[in-house]
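Just so you know, the protein sequences line up as chains A, B and C, in that order.
Oh and the first sequence: position 76 is 76 in my numbering, straight run, nothing missing.
Oh and the second sequence: position 299 is 299 in my numbering, straight run, nothing missing.
Oh and the third sequence: position 377 is 377 in my numbering, straight run, nothing missing.
Check before you lean on any hint, since a few could be wrong.
Claimed, not checked - These stretches of chain C come out as covered by chain A in the derived footprint (C-beta under 8 Å, 3 or more residues):
no., region
1, 162-168
2, 250-256
3, 311-323
Claimed, not checked - EDC-like mimics (lysine to aspartate or glutamate), calculated; alpha carbons at most 16 Å apart, straight line:
no., chain 1, residue 1, chain 2, residue 2
4, C, LYS312, A, GLU175
5, B, LYS495, C, ASP20
6, C, LYS301, A, ASP150
7, C, LYS49, B, ASP324
To be verified - Here are some chain C residues pointing at chain B (derived, C-beta under 7 Å):
no., residue
8, ASN17
9, PRO52
10, HIS88
Note that these hints are calculated values from the structure, not bench results.
All C-beta atoms in this analysis are idealised placements derived from N, C-alpha and C, irrespective of residue type, glycine included.
So you can see what is in the structure, the chains are spelled out below.
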Amino acid sequence: MWQNFIGELARTMDEILRSVARFLPRFLEMLLLVVAGWVIAFVLRAAIRSVLRIVRFDKLSEHTGAAEVLRRSALPSPSEMLSRFVFWVAWLGFILVGLSVLPVPWIAPPISSFFGFLPRLVVAFFILFFGLLAASFFSRAALLSGVNADLPSPRLISQTLRTMMVLFVISMAFEVVGIGSRTVLIAFSLAFGALMLGLALAFGLGGKDLARKYLERRFARGTFPEEPRKEREDELSPL
Amino acid sequence: MAAQDGLWYKDAVVYQVHVRAFYDSSGDGNGDFRGLAQKLDYLQELGINTIWLMPFFPSPLRDDGYDIADYRTVNPTYGTLDDFKAFLEAAHQRSIRVIIEMVLNHTSDQHPWFQESRSSRDNPRRDWYVWSDTDTKYKGTRLIFVDTELSNWAWDPVSKQYYWHRFFSHQPDLNYDNPQVREEMWDIMKFWLQMGVDAFRLDAVPYLVEREGTNCENLPETHEIIKDLRVRMDREFPGRMLLAEANQWPTDLRAYFGNGDEFNMAFHFPLMPRMFMGLKLEDRKPITEILKQTPEIPENCQWCLFLRNHDELTLEMVTDMERDYMYDEYAKDKAMRLNLGIRRRLAPLLDNDRRRIELMNGLLMSLPGTPIIYYGDEIGMGDNVNLGDRHGVRTPMQWEGGWNGGFSPADPEALYSPLMLNPVYGFQAINVQSQKRFEHSLLSWMKLLIRVRKTTPVLGRGSIQFLYPANHRVLAYTRRLGNETVLVVNNLSSKAQAVELELKEFRGSILIEMFGRNIFPRIGDLPYLLTLGPYQFFWFRLRRI
Amino acid sequence: MPEESILSDDFVRELMNVGDVDIVVGVPTFNDARSVGQVVQAVRAGLLKHFPRERSVIINADGGSRDGTQDMVRAAAISDLSVASDVHALRTLHSISTQYEGGPANGIAMHTILAATDLLQARACAIVSPESTTLEPDWMERLLRPVLREGNDLVLPIYRRPKFDGLLIRNLVFPMAKTLYGCTVREPYPADFAFSGELGSQFLSQDIWNQEQGRRGTELWMTLWAAIGKRKLVQSFLGTKTRREDAPSDLVAAMRETAGTLFISLDTYSALWHLTPELLEVPCLGCEPSISDGPSRLNRKRLYDMFTFGVKELDPVFLSILTSPTHDELKRLAGLPEEKFTYSGELWARTVYEFAIAFHKAIIGRDHIVQALVPLFRGRAHTFLTQNRDSSPEQMESKIDLLCKEFEQEKPHLTELWDGGK
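Isolated chain A (complex conformation) (with noise of 0.2 Å):
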């Protein structure tokens, strides 16, 4: 009984030491696995960060006005970002692998849906990177030349379409990943729809005597008196 209590013991014990004898080099090799992807991703990054500094993503996204936008959420430049949300993908993809490796049942799946789901967020996260970098720079160029042109309210139209791009970026973004695409869209199309009615009423109103001197004029040529043309003042000669 002892013996047999005893000869139990032992294989289970050799069973435990052979599991752990069977786990132990899976777990090593996840280690060096990750270990090599940390290395990997480090390498890298230093790459991707030569390399962009090589194409002056910097200055690229300057022009774009990328910076502006990095440097108010107190966060690093464009290419820091990018090189660590590079290594950040590799050394968590190495990670993943490495744990694919041990034999546990479970893991497998979830790991094979992040690598499928991986790209798709890469992609979705260039959309709302360069996305909302767009809609800063676009807004701003619509408020300087709507303050240069001398129209009226430019921080609203500046306004109004950093938002829309906001939200086009975002519903895109979330169409990409395949997330609550439906309702974002929705939402998008709303305020769209809400934008341009109230767009279109605005002109509307406000171009009423516009448009009925344009159709008087129009079709009856000749039947009002012209008005008379205001004295064109001169605009600055600044050459």
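Chain A is already provided as a structure; the job is to place chains B and C on it using the hints.
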């Protein structure tokens, strides 16, 4: 002469020579007709087929013989009338025709007619010249010799009246309103025609008649006189020719061809300075412009072209801007200028640049007209601006490197004019004998040029069409007669040029270079690309094979 | 890979036919059919009158006009091909036209003209504006003679023009170029000017043609470059200059061409302007009083309104460009009523310098920085107009001198921000 072709002057290559300057057989320091006759073999070898003799009549020689004192004989310095006849005979034997000068407009003041005319106001010959009590008649008439004369009227102290003269004051103008004068002049022409002379160069034609209120040039009455002479000549001596010396614009000159019933030929004066100008500007515009302005002339008429002659390079027929340019470029030294012109020979004008001399002669022989070569220019003789008036371009012909350049056995001091002596243009450097020895000499090249010209009737008689390639440094034209087409391409620039010629209408033709007879590529659909070296020119015969 | 050429094959073929020349006259155009004919005719008359013996060519570099501008230029040629040549010219005068890619942009036009000048080995090149309707034949002589006969490198124009023309030049370009580079040229951004073939070739070999200053404001860049290089500059009085009635006066574009170019030059020549520059003596040939009287219909009220409006609306932009004292000062100014409004030279100099720094550091898009300067310039223009409403030309000159001094005094501000700023 055998084979009387009425249009012989169209195929002629004329050699202009002064008897006095060519060859002295008597040893008195002046050339003479016997000497000229001895040198006919040289001229035959050169390839020319017509000689134009400058005036050889008795004369005080105050205007190089254009001041004639007797129209019916030969200046004794040049020999006798028999010597002339012998020369004429010898020339005709070699198929060389002879053009002589006929100065219709004026005589020397030493001519017996003028001596009689001025002797008294009621002399029968008084009316042979143009007399007036005032010097204010014909106010609208320009002065030609601006450097020497102050007025067209000169005071005669003998008969106490003014007489009219368009040139020097010692050259009184004959009065062509007097029928006697006209008869007498025809009589003189008949005298020479009967002797066998082939043509007359009529000097100073536009000035024959004067009318108040006009500029006294190109008057209808003048044309009537010419027409009358031509009718008489054609009737009695068919196949002879009249050549007009009228320094006028082409449109004014056109009238002297009449309907083919006045002059057979006339000098194209405005073209000549423009050829020099085009060369210096490296731009064909002056040449094409003047030829565009040149009117069509009757079928039996012909232009006479020349590069240089016994006179100055005349700049009367150019604008002020063009004249200034010509002076600055071709006569920087004021001594080279005379009246409105430049008194220099061809070679010095072109800086003795063989390529430019060849190009200009190539133009002379390929533009529409009959070319004239001034004696000595075929060997590249120089000029002597230190001699007065135009004597600098009338120095003795340089035959060899020996005594007097082979011109005369006389003492050098006895020559009518000093020889060229400088190391560049002197007779020891430039003479016929040395140039005959080498195939690449200017003389040998001129022989080749003349030979090609004479064997290409299209150059003498054909029409001309300019090609206007976009490169304005290249002057290109075709000459056409019947089925014959010759393409001429000239590079007026001192640099190599590429040119694209629009030759579509000759598509399929092969170009044959006329000096070497080499074949050039066939003309296709694309513009024909040619490259030319500095001052290079091509003559191509187009053949459809 | 073969180097991309700025000259099209057809244009090169035309240049081949022109051959080597002495004078190139360049005319950059874009939809200028209304005035270019007149200008080119005057150029042609000037060349015939003053340079009949020189081999000349008129080269039109067109930015893609669709109104027949190019035909107007080509019609000015003098050749033996033209049907009626009523012009007495010694030579063929080619007048050729090419459309460049990537236009319209004056810099590319100039690049084209410079490349042609270099290829044709011209001794002198004049560039004239197709809008210079007052261009007289004599201008050609005044522009080209100093180059051809007197050995100058660059001839800049001086015009007789209305009192309040060229406000941007006087308030920004002139004081800044003088303070930083010692360049005392009155028209540093010329419309009609001339230069030697040698200078043109050297400028052509500058590595700017793929950059902003090689597209716009190139003329200003050339002036600065020549002044900095201590070349022989000379100013030549041309005559009256009026604007075409319908000429667009786009202040934003003008700001890009001038301030933009100046700001870029700060990067390129930073080692240079940190030192105190030697003033470059630029003699003036045939100078006459250069201010013509004319009605000034400038609307100062509008300038003021656009300034205050701009300051209000562009606040977030200014926040990132300006230092806070300057920003506060501007906001204070925008709150003042028009009668009390004065945008001092000192503040203006500081504003410009801070914009230059923002541009250097590319705090936001560089083009946006330049655009944001426009409303502020309107404010400065308002003050300038007010101060000089009754000034004589001499008084106005001294005001401009004063402004230059203020730019000089504020220069340490620029240096400090440039070197020390974050």
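Now for the hints, and whether the structure bears them out:
1. Check result for the region 162-168 of chain C against chain A: holds, 6 residues qualifying (beta carbon to beta carbon below 8 Å, three or more required).
2. Counting residues of the region 250-256 of chain C whose CB lies closer than 8 Å to any CB of chain A gives 4, so the stated coverage by that chain holds, three being the minimum.
3. Coverage of the region 311-323 of chain C by chain A holds. Counting CB-CB distances below 8 Å, 4 residues qualify, and the rule asks for three or more.
4. For the proposed pair LYS312/C and GLU175/A, the alpha carbon gap of about 38 Å is over 16 Å, so the pair is violated.
5. With a C-alpha separation of about 10 Å, the suggested pairing of LYS495/B with ASP20/C holds against the 16 Å cut-off.
6. In summary, the hint linking LYS301/C to ASP150/A is supported, as the alpha carbons are separated by about 13 Å, within the 16 Å threshold.
7. For the hint linking LYS49/C to ASP324/B, the alpha-carbon distance of about 14 Å falls within 16 Å, and the restraint holds.
8. Given the 7 Å rule on beta carbons, the hint for ASN17/C holds: about 4 Å separates it from the nearest Cβ of chain B.
9. A cut of 7 Å between beta carbons decides the hint on PRO52/C: the least distance to chain B is about 6 Å, and the hint holds.
10. Annotation: HIS88/C was flagged as interfacial toward chain B, and the flag holds, the nearest CB pair being 5 Å apart, inside 7 Å.
Violated hint: 4 only; the structure is consistent with all others.
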